[in-house]
Amino acid sequence: MAAHIVIPIIIIIVVLIALIVTGYISDPLVDIPSFIIIGFISYRIFYIIIKTRKRNLFTYVGKIGKAVDNISPNQGGYIMVNGEYWEAVSNENIEAGDTVVVIGMQGLKLVVKKSNSNEVVV
1 MAAHIVIPII
11 IIIVVLIALI
21 VTGYISDPLV
31 DIPSFIIIGF
41 ISYRIFYIII
51 KTRKRNLFTY
61 VGKIGKAVDN
71 ISPNQGGYIM
81 VNGEYWEAVS
91 NENIEAGDTV
101 VVIGMQGLKL
111 VVKKSNSNEV
121 VV
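Mapping of the sequence shown onto the UniProt record's numbering: position 42 corresponds to residue 42, and the numbering continues sequentially without gaps.
Treat the hints with caution; some may be incorrect.
[Unchecked claim] Straight-line Cα separation of at most 30 Å, DSS-like style, residue types lysine-lysine; simulated pairs: (1) LYS109 to LYS51; (2) LYS51 to LYS63; (3) LYS109 to LYS66; (4) LYS109 to LYS63; (5) LYS113 to LYS66; (6) LYS66 to LYS114; (7) LYS114 to LYS63; (8) LYS63 to LYS113; (9) LYS51 to LYS66.
[Stated by the list, open to error] Just the calculated beta-carbon pair ranges, DEER-fashion: (10) ILE50 to ASP27: 32 to 38 Å; (11) VAL68 to GLY39: 36 to 42 Å; (12) TYR24 to GLU84: 40 to 46 Å.
Hints listed in this document are in silico derivations from the structure and should not be mistaken for laboratory results. All C-beta atoms in this analysis are idealised placements derived from N, C-alpha and C, irrespective of residue type, glycine included.
Work out the full structure, taking the sequences as your base and the hints as a guide.
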């Protein structure tokens with residue numbers, strides 16, 4: 001579990017030592033903290049990119065959410081599913097605050113329907 005942070009730290013330390021030995025770092029008090037900050041920011045950016053690439057959007061099908069906006073067949077709106085806001089469309093009228101179930105996807109929009117009280121989160 002901790003390997004995802006330990007490996008970049010080891011790489012940063014090795015590169016810093018190599019830069020000091022070869023003379024590329026003239027002022028270690030400025031260059032080393034800058035290198036660590038830039039390295040950490042780069043690591044977090046790549047980590048977020050890789051993490052989001054693995055997300056399968058079809059895992060939302062069957063999830064229960066809550067309508068944030070009024071949704072009608074002619075006009076979509078926003079819902080909240082798993083703590084995230086998603087644009088949604090529906091073939092029926094859904095009021096803001098209603099519980100909805102994701103039944104599919106249409107591009108990057110979720111297709112939803114009103115939830116019955118006996119439906120369970122999948």
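Against the structure, the hints come out as follows:
no.	hint	verdict
1	LYS109 to LYS51	holds, 21 Å
2	LYS51 to LYS63	holds, 21 Å
3	LYS109 to LYS66	holds, 15 Å
4	LYS109 to LYS63	holds, 14 Å
5	LYS113 to LYS66	holds, 11 Å
6	LYS66 to LYS114	holds, 10 Å
7	LYS114 to LYS63	holds, 12 Å
8	LYS63 to LYS113	holds, 11 Å
9	LYS51 to LYS66	holds, 25 Å
10	ILE50 to ASP27: 32 to 38 Å	holds, 34 Å
11	VAL68 to GLY39: 36 to 42 Å	holds, 39 Å
12	TYR24 to GLU84: 40 to 46 Å	holds, 43 Å
When each numbered hint is compared with the structure, no violation occurs for any of them.
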